[in-house]
Amino acid sequence: MDVVWLSRLQFAAATFFHFLFVPLTLGLSILVAIMETRYAKTNDETYLQMAKFWGKIFLVNFAIGVVTGITLEFQFGTNWSKYSTFVGDIFGSLLAIEATAAFFLESTLIGVWAFGWKKLSKKTHAVLIWLVAFASNLSAFWILVANSWMQHPVGYVMRNNRAELANFTQVIFQKWAILEFFHTISAAYILSAMFVMGISAYHILRKQNLEHFLRSFKIALKMGLIFTIFIVIEGHVHGTDLAEKQPTKLAAMEAHWETIKGAPKYLFVIPDESNERNLVELIPIPGFLSLLATHDFKGEVKGLKDFRKQDRPPVFISYFSFQLMVGLGIYFVLIMLYGWFKRDRLQDYPKYLRLVLYSIPLPYIACELGWTLAEVGRQPWIVYGILRTNEAASPLVAGQVAVTLLAFVVVYATIGIIGFGMITRFARQGIKTN
Amino acid sequence: MLLQDIWFFLWGLLWAVYFATDGFDLGTGVLMPFLGKTDDQRRIIYNAIGPLWNGNEVWLISAGGVTFAAFPLLYSVMFSSLYSALMLVLFGLILRGVAVDLREKASSPSAKQNWDRAFFIGSLLPAILLGAAFGNIFKGLPIDEKGLYHGSILTLLNPYGLITGVLFLLMFMLHASLWLGMRIKENIQIDFLAIAKKLWMIFLIALIVFLALTPFYTDLLKNYLNNPLLLLEPVAAIVFLLLIRVYIQKKEAFKAWVCSFLTIVLLTFFGIIGLYPNMFISSINPKYSLTAHNASSSPLTLKIMLIVVILFVPVVLLYQGWAYKLFRTPISNDDLGY
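Chains Y and G supply the protein sequences, listed in that same order.
Read in the working numbering, the first sequence has 409 at position 409, and its numbers run on one by one without any break.
If you want the working numbering, it's the 1-based position in the second sequence plus 1000.
Treat the hints as calculated values from the structure; they're not laboratory data.
There may be inaccurate statements among the hints.
[Unchecked claim] Pairs of lysine to aspartate or glutamate, EDC-like flavour, derived with a Cα cap of 16 Å:
id : chain 1 : residue 1 : chain 2 : residue 2
1  : Y       : Lys218    : Y       : Asp344
2  : G       : Lys1105   : G       : Asp1116
3  : G       : Lys1303   : Y       : Glu164
4  : Y       : Lys302    : Y       : Asp241
5  : Y       : Lys56     : G       : Glu1104
6  : Y       : Lys82     : G       : Glu1145
Using the sequences provided together with the hints, build the complete structure.
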C-alpha cells in the first residue's frame, strides 16, 4: 500500500474514533446543564444527583474526545503536508480560531466544573456547564466550517500555487456550512438523547432510582423528538443543496448511472460498479429522485456516466452509507414519537424500554455512516473540484505511516475498550441516594 | 513584513506560554514515580493538576493551529519532517490525558498502577521530545529546496538536541515541584521545596552546558551580537531564575512558581529572538530555510487572525487566570473531584 492509502486509513481511523465521543459531548453537556439549572432553581436534590450521575459519564467521554482530537489537528501537517500548504491560508485559520475562541473556554471550564462542586455557588457551577456546552458546540461550528470548505470551497483565490483567502464571511456563512453544522449537531443531540433514554430505560426496567431516571428519560426524549424531526427536514434541504454543488456525490449515494429527467427512486439497489450499472433495482417510486434533488418530478438528475471515471467517488460505500443513515433516521423519528405518546406511563411499556436500551448504538452508527458519506462521497477530491486526495499527502516513507497506523489502532482500541467499559460501569451503577 | 514579524513573535509566545503552563503538568508526570509512593500521595498529586491541565494543553493546540494558519508552509514542512518524533509526542499526550482524567475512576489498584505508568511515559515523551525538537530547530535540520527532509528520527538525537531535551525535562520538573509545593501542604509527607532546591541546581548546570554549546551548534547569538540591547532579555531570564532560588529558600512556593513561569517564557523567547527571522533552518543550505517571510499566509489571513487573537486571547487569560486563582491554593478535601 502506498503512503496516500496508509495516510487515508490512518486519518479515517483517527476521525472515526474521535467521533465516537464528540456527539455525546455536544448533547450531554446540554442535558446536564438543564438538570443542574433545575437544581439551582428548585433546590430539588434529585436534579443534583441526576446532574452528578450524568456528569461523571460526561467527563469520561469528554476526556477521550479531547485527547483524540489533538492528534487530528497535527495530522494535517504530519500526513497531509501538500494539502496543508495548499489550504493553510483558509483551513488553518479556521482551526486556529476554533482553538482560541472556543476550545480554550470548553477545556478550562470543564476542569473548574469537575473540581468545583464545593468551591462554587450552585448558580455559578450551573453557569459553567452551560458555558462548556456552548463552547463545545461553538467548537463544532468552526470545525464544520472548515470541513464544509473542503466540501464546497468558496471565498478564495488561487495565488502563489495555493488557495488564498479572499472573502472570510463567505467562508463562514456559506449555506453548506450552516446546513452541515445543523445536521451534525442535530445528529449529536439525537445520539445523546438516545444514550440518556437507553440508560434510563435500563434503570426504569429494574425499578431503581425510578424518579431520577424517569425525569432523565423525559428531558432527553424532548431533545430527541425535536431533533429527529428537525434533522429529517434539514437533511432534505441539505440533500437538495448537495445535488447542486456535489453532483458526483449525489449520483453515487443514489447509485444513479444515467442522466435522465423524472428519475425514479429505488428503495433497494445493489450497485455493480465495475460494469457501471446496478445488479438489482427494486421498488421504484417514479420521479421521486428528481423531486428530492430538484423539487420537480420531471427535473433532470445527472448520472455517474456523465462524469469521467477518475472523477467518480466509490459508489458502493456512498450508496450504502447514505441509505442506511436515512433508514436509521426514520427509525429514530418513530421511536421518539412512540415514547412521546407513552411518556407518562413509561413503566408500563417494558418492551419499548428494552428497545430503547438496545438502540443506544444505532445513532453512533448513523453518525459514522454520515461521515463516511461526507468524506468518501467527496472522493477523489480532498478539496472538492480543486485538489485531489492523491496529490495531497506528505512525502513520507510508507513504513513510517504503517507503524503509526498500527500504533493508532492499538492505542485507540485500548482506550476505547477502557473508556466504554468505564462508561458502562458508571451507567449500571445507578445513583446512590442518601 | 510587519504583520509577518508580529506573527513570528506571537507564534513564539504561544509556544512559550504552552511550556510555562502545561510544563508543570508534564513535570508532575515525570516526578510521580519518584514522589508518589502511596496511593494516597498519588491521588493528591493527581488532584494538584487535575482541574487545570486540560486548559493548559489548549496552548499547544493554539500553537499548532496558529502555525497552520499563519505559517502553512512551516506547518507542513516541520510536522512532516518531524513525523515520528511528533507522533510520539502525540501518543504521549493521549496517554497523559486519559491517565489524569480516568485514573481516579479506575476500579482496581492494578488498573490504577497502569494509569500511573501511562502518566509517567506520557509526560516524559513530550517533555524530552519537544525540547529535542526545539534544540534541532535552533540548530537546523537537513531540508532541501522543496522542503523535503533528508534525515530520520535519529537525526534529532545529536548532542545539542539531547541536551535541549534534558534541559526542557529538568525545567518542567522544577516547575512542577514548585507547583506541587504550593498546592500540597499538610496532606502528605513530601517536602516538595527540598526537591525543588535540588532540581534547581541540576537545571542550572544543564542550562550552563546548553549555553556553552549553543555558539558551537547554532547561530542563535548572532542577533544578540548585532543588537546588544537584546541581551537584556536573557539577563531578565537569569534574574528570575535566581529569584526562584531565593523564594525556595524563603519557602514561598507561589512566588517561586511565578518566577519559574517567567523564566520558562523568557528562556523560550531567548531562543525565539535568536532564531528570528528563521523558523526552520536548513542545514543543507541556508537559502532553503523557512522564515517568517517566506512561509507565511496571505496578508488578509494574517490580519484576520491578528484581530481574532487580540479579541480572544485577553478573554482566555481572564478566565484561565480565574481558574488558576481558584485552584492555586493548597488542596483541601473540598477540592477533590469526583
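>> Which constraints among the numbered hints does this structure fail? Numbers only, ascending.
In response: Nothing - there is no hint that the structure violates, so all of them hold.
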